[in-house]
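J.: UniProt numbering applies: residue 1 is where the sequence shown begins, and numbers increase by one.
Keep in mind that the hints were calculated from the coordinates and are not lab data. Any given hint might turn out to be false.
What the hints assert, rightly or not - Derived lysine-lysine pairs resembling BS3-like cross-links, with alpha carbons at most 27 Å apart: (1) Lys26 with Lys42; (2) Lys87 with Lys26; (3) Lys106 with Lys87; (4) Lys125 with Lys26; (5) Lys87 with Lys42.
Said to hold, decoys possible - Derived DEER-like restraints, expressed as beta-carbon distance ranges: (6) Arg36 with Arg110: 16 to 26 Å; (7) Gly228 with Leu127: 54 to 64 Å; (8) Ser7 with Gln126: 33 to 43 Å; (9) Thr13 with Arg134: 40 to 50 Å.
Note that CB positions come from ideal geometry on N, CA and C, so glycine has one too.
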Amino acid sequence: MKLNERSLAFYATCDSPADNAGFLYKRGERHTAYHRRWFVLKGNMLFYFEERESREPVGVIVLEGCTVELCDSAEEFAFAIRFGGTKSRTYVLAAESQAAMESWVKSLSRASFDYMRLVVRELEKQLEEMRWGRAGGCWHSAACCKPWASGTELSLDRLPALPAVPPKENGCAVWNNTPGADQLSDATGCDGDTNPQPPPLPPRRRASSGDPGSAETSVFCRLHERYGQEVARLRQDWQDRQREHQP
Numbered sequence: 001m002k003l004n005e006r007s008l009a010f011y012a013t014c015d016s017p018a019d020n021a022g023f024l025y026k027r028g029e030r031h032t033a034y035h036r037r038w039f040v041l042k043g044n045m046l047f048y049f050e051e052r053e054s055r056e057p058v059g060v061i062v063l064e065g066c067t068v069e070l071c072d073s074a075e076e077f078a079f080a081i082r083f084g085g086t087k088s089r090t091y092v093l094a095a096e097s098q099a100a101m102e103s104w105v106k107s108l109s110r111a112s113f114d115y116m117r118l119v120v121r122e123l124e125k126q127l128e129e130m131r132w133g134r135a136g137g138c139w140h141s142a143a144c145c146k147p148w149a150s151g152t153e154l155s156l157d158r159l160p161a162l163p164a165v166p167p168k169e170n171g172c173a174v175w176n177n178t179p180g181a182d183q184l185s186d187a188t189g190c191d192g193d194t195n196p197q198p199p200p201l202p203p204r205r206r207a208s209s210g211d212p213g214s215a216e217t218s219v220f221c222r223l224h225e226r227y228g229q230e231v232a233r234l235r236q237d238w239q240d241r242q243r244e245h246q247p
């Protein structure tokens, strides 16, 4: 892979925020001596400089297809960046403290696009699962409905097994979320903005003489009129008795 040195130097020293930065001890490739270098992590690129004020980096490590692990070394708080392949180089680095080593190992392990792709895929599944649960209730196992733990940490090993995401029709989510239900093509569609259209409303029922609903309505009206007249008569009798007792 060819990299433009001028573009890399500009990216390494520009004002874009760094994911991590600090001094590390880097073991030489030919000699086992360690040299103190200033490291800057941006995305999946790990730049290292001779000094913190240096204008150009000495080198860069592209963190793709590698693993970050602790290693045994003469230096304390040492860890290694290993790449697959027999002729690939292993970078051995050492931090100045236990906290700095843990911070670097964590940030370097999450710097690759492969890791970000896995995280995005899991988050998409979680989002799709939440949408389906709100639309028609939770239709999967109870283990998947547990709320997330508080905090910003996301461990792929602790994520529960998710069911297969229901298919989409022409890029639009199916409105009928019942598993195994027949999906009508005329009840679901996409407009120009690729937004799902709601199913059409059922036709409004009109009252007719033969409709059972109209018969029930007429019976209720007769009952209401009958008891209404009785209540009015009782109220009039009560008012008359009140007038008779008045002086």
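J.: Against this structure, judge whether each hint is valid.
T.: Cross-check of the supplied hints:
Distance check on the hinted pair: lysine 26 and lysine 42 sit about 18 Å apart at the alpha-carbon level, within 27 Å; holds. Restraint check for lysine 87 and lysine 26: the C-alpha separation of about 20 Å stays at or below 27 Å, so the hint holds. Note on lysine 106 and lysine 87: the hinted pairing holds, with a Cα-Cα distance of about 26 Å set against a maximum of 27 Å. Between lysine 125 and lysine 26, the direct Cα distance comes to roughly 40 Å. Violation of the 27 Å bound is thereby established for this hinted pair.
Of the supplied pair hints, the one linking lysine 87 and lysine 42 holds, its CA atoms being roughly 26 Å apart against a limit of 27 Å. Restraint check, arginine 36 to arginine 110: a C-beta distance of roughly 25 Å satisfies the suggested window 16 to 26 Å. Distance hint check for glycine 228 and leucine 127: the Cβ-Cβ separation is about 57 Å, which falls inside the suggested range of 54 to 64 Å. Hint check: serine 7 to glutamine 126, Cβ distance near 36 Å, so the stated range 33 to 43 Å holds.
Here the CB-CB span from threonine 13 to arginine 134 is close to 47 Å, well matched to the stated 40 to 50 Å.
In terms of the numbered hints stated before, the structure departs from hint 4 and from no other.
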